[in-house]
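**Student:** If you read the sequences in order, they're chains A and B. So in the numbering used here, the last one in the first sequence is 330, and the numbering has no gaps at all. So in the numbering used here, the last one in the second sequence is 330, and the numbering has no gaps at all.
Hint data in this document are derived by calculation from the structure and do not stem from the laboratory. Every residue gets a Cβ at the ideal spot worked out from N, C-alpha and C, and that includes glycine. One should not assume that every hint holds.
[As the list claims (entries may be wrong)] If we take Cβ atoms under 7 Å as the criterion, some of the chain A residues that face chain B in the derived model are:
1) Phe18
2) Pro21
3) Lys49
4) Ala82
5) Lys83
6) Phe124
7) Gly133
8) Thr136
9) Ser138
10) Met150
11) Asp191
12) Leu248
13) Ala261
14) Ile263
2 protein chains.
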Amino acid sequence: MATRDDHGSTEDRLIARFFKPLATHPGALGLSDDAAFIKPPAGCDLVLKADAIIGGVHFFPEDPADRVAQKAMRVNLSDLAAKGARPLGFLVSLALQRDVGETWLAAFCDGLKADIGAFSCPLFGGDTDRTPGPITVSVAMFGAVPEGTMVRRAGAKSGDKIMVTGTIGDAALGLKARRAELPKLSAAQRDHLLARYLLPQPRNAAAEALRMYASAAMDISDGLAGDLAKLCRVSGVAGEINAVKVPLSDAAKGALAAAPALIETILTGGDDYEIVCTVARDKAEAFKAASDKAGVSLTEIGTVGAGEGLVIRDTQGQKLEFAHGSFSHF
Amino acid sequence: MATRDDHGSTEDRLIARFFKPLATHPGALGLSDDAAFIKPPAGCDLVLKADAIIGGVHFFPEDPADRVAQKAMRVNLSDLAAKGARPLGFLVSLALQRDVGETWLAAFCDGLKADIGAFSCPLFGGDTDRTPGPITVSVAMFGAVPEGTMVRRAGAKSGDKIMVTGTIGDAALGLKARRAELPKLSAAQRDHLLARYLLPQPRNAAAEALRMYASAAMDISDGLAGDLAKLCRVSGVAGEINAVKVPLSDAAKGALAAAPALIETILTGGDDYEIVCTVARDKAEAFKAASDKAGVSLTEIGTVGAGEGLVIRDTQGQKLEFAHGSFSHF
Chain A
1 MATRDDHGST EDRLIARFFK PLATHPGALG LSDDAAFIKP PAGCDLVLKA DAIIGGVHFF
61 PEDPADRVAQ KAMRVNLSDL AAKGARPLGF LVSLALQRDV GETWLAAFCD GLKADIGAFS
121 CPLFGGDTDR TPGPITVSVA MFGAVPEGTM VRRAGAKSGD KIMVTGTIGD AALGLKARRA
181 ELPKLSAAQR DHLLARYLLP QPRNAAAEAL RMYASAAMDI SDGLAGDLAK LCRVSGVAGE
241 INAVKVPLSD AAKGALAAAP ALIETILTGG DDYEIVCTVA RDKAEAFKAA SDKAGVSLTE
301 IGTVGAGEGL VIRDTQGQKL EFAHGSFSHF
Chain B
1 MATRDDHGST EDRLIARFFK PLATHPGALG LSDDAAFIKP PAGCDLVLKA DAIIGGVHFF
61 PEDPADRVAQ KAMRVNLSDL AAKGARPLGF LVSLALQRDV GETWLAAFCD GLKADIGAFS
121 CPLFGGDTDR TPGPITVSVA MFGAVPEGTM VRRAGAKSGD KIMVTGTIGD AALGLKARRA
181 ELPKLSAAQR DHLLARYLLP QPRNAAAEAL RMYASAAMDI SDGLAGDLAK LCRVSGVAGE
241 INAVKVPLSD AAKGALAAAP ALIETILTGG DDYEIVCTVA RDKAEAFKAA SDKAGVSLTE
301 IGTVGAGEGL VIRDTQGQKL EFAHGSFSHF
């Protein structure tokens, strides 16, 4: 068990060298204080989220360190996007193995720096510790929405349309590609899927459109089927989607054509970091236009009805049932 | 590598059973959404802090789970106290081994519940993950201070008095007692030191007094000597304290009488979670009265001067020098 002072001095050096240059917000105080501070934007609610990623669980230990840093930020950014929130900043608790070298740390901080800039999400603080276990990156992120406007999961109403951003299933297929469990694809298709697993593309650009129009939304981290089922459950409604309408990338279409059973991976595999949401029928067109304008595609995949549960139909209108996955728990 | 949907359903069950009952703040939405929200108090700055504790590094794997939970909260609460901030709430990312049982989790949540109540610090959310490594508890906590009044480390001025809350060195001696490295003590003395290591007693009761009177403050996690040296460095001043004035518990006095070399452990060992602070001479009396009224003892241990560095003198006025510890890095 390391003594705190030994650990403390190591931590101080790490922070000064690698993290302090990233903490340019005045409230971060150059990471030289016990805590940071921020003046909350007037008339806003704060949106709060914490999610961690762990080596060997959420990423491969050999993944590039900059991508690990970006993934840790982006799984949280994705939640803010789904809630219609603008990022305000984040804290990071980093547990590192003793033999993690400066090359890894420098690359990790490059990744943080890239996304601090790309998402206007400043670093406010955190801590680093040594761990005998895998690298663990715990991010706590906070954002802002005009008071009372955070988009909830529990807002879907009978008659709403169900929509998703981007394309579904790429990351889960990318994980399979990483494990050499996919049928033969072109190099370009394989690279697309691998990249989608390695680096989520959170839809923060669509946050304002979601806040303006969506009746309910959540980010898809555990698979479209399971996550949409959760949204329907907390909203007290039933959902029905058509698998054929679910937007797929060319790469996912290629994989599915070669192995039709992959539809289960696509719909239940997770790590999409797209957004599934509902919208009143009479707002759907304006919603799609606003999202398009923000550069995020929105596709209608089904409808909300009275009752409970989620039904997924195939091309022939038959109900799809999956052997496992998030489907098992509702 | 676990698939996200398998992990997701396990996480959902854990959250619903153990954590949801703790999340009674309306903004936590019963932990049934992607994120939580809070309306920030009017006219306040938010104070932001994240600190993690890891089994085998910051606590013993066999420590009672409720104490682990409380320690994770309290190391963060202590920072809020030092900054003069009132707790608003926290997020927790919990990485658990697969064989952690429900008994452990239930006790962990009992610990959270106790301190949610004791410190009026509601749970807003977080996540649980499985890890092949040690239990890791990452807390992100946020508090509030009237705008512009967060107590900084960088505010000490030449002529100020240096003061500390409570007693110093107990936790570091408690860690030594735990490892059977202490001279023989009475059972009551040993129990006192062990308890001070196991469960920090953060000085949140003194937060308002600190905000009203202190020119600078920080919580002592890495040893009084090293932490006060940091405070002096960022304030651009010199500090001088007298070891004889440093307040000790009866147990620490007993240990020190039996083994005078333990003065190094006491002053550099860390895990105190007391507060070291500075105050203008003409405010010292009012500060002490306000802190006393809040139930937190404050002891003057030295003075701030021009220059740099920290000098610690012993009974004879000789400079104390330590072989290692936080002293090594300034």
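**Student:** Hint by hint, note whether the structure agrees.
**Tutor:** Status of each hint after checking the structure:
1. Phe18: 16 Å, violated
2. Pro21: Status violated, d = 17 Å.
3. Lys49: Holds: closest Cβ of chain B sits about 4 Å from Lys49 of chain A, inside 7 Å.
4. Ala82: Holds. Min distance 5 Å.
5. Lys83: Check passed: Cβ of Lys83 of chain A comes within 5 Å of chain B, closer than 7 Å.
6. Phe124: Since chain B brings a Cβ to about 5 Å from Phe124 of chain A, closer than 7 Å, the hint holds.
7. Gly133: Because about 1 Å separates Gly133 of chain A from the closest Cβ in chain B, which is inside the 7 Å limit, the hint holds.
8. Thr136: 5 Å, holds
9. Ser138: The hint holds - Ser138 of chain A has a Cβ within 7 Å of chain B, the shortest such distance being about 4 Å.
10. Met150: 5 Å, holds
11. Asp191: 21 Å, violated
12. Leu248: Since the shortest Cβ distance to chain B is 19 Å, the answer is violated.
13. Ala261: 16 Å, violated
14. Ile263: Violated - the Cβ of Ile263 of chain A stays beyond 7 Å from chain B, reaching only about 14 Å at its closest.
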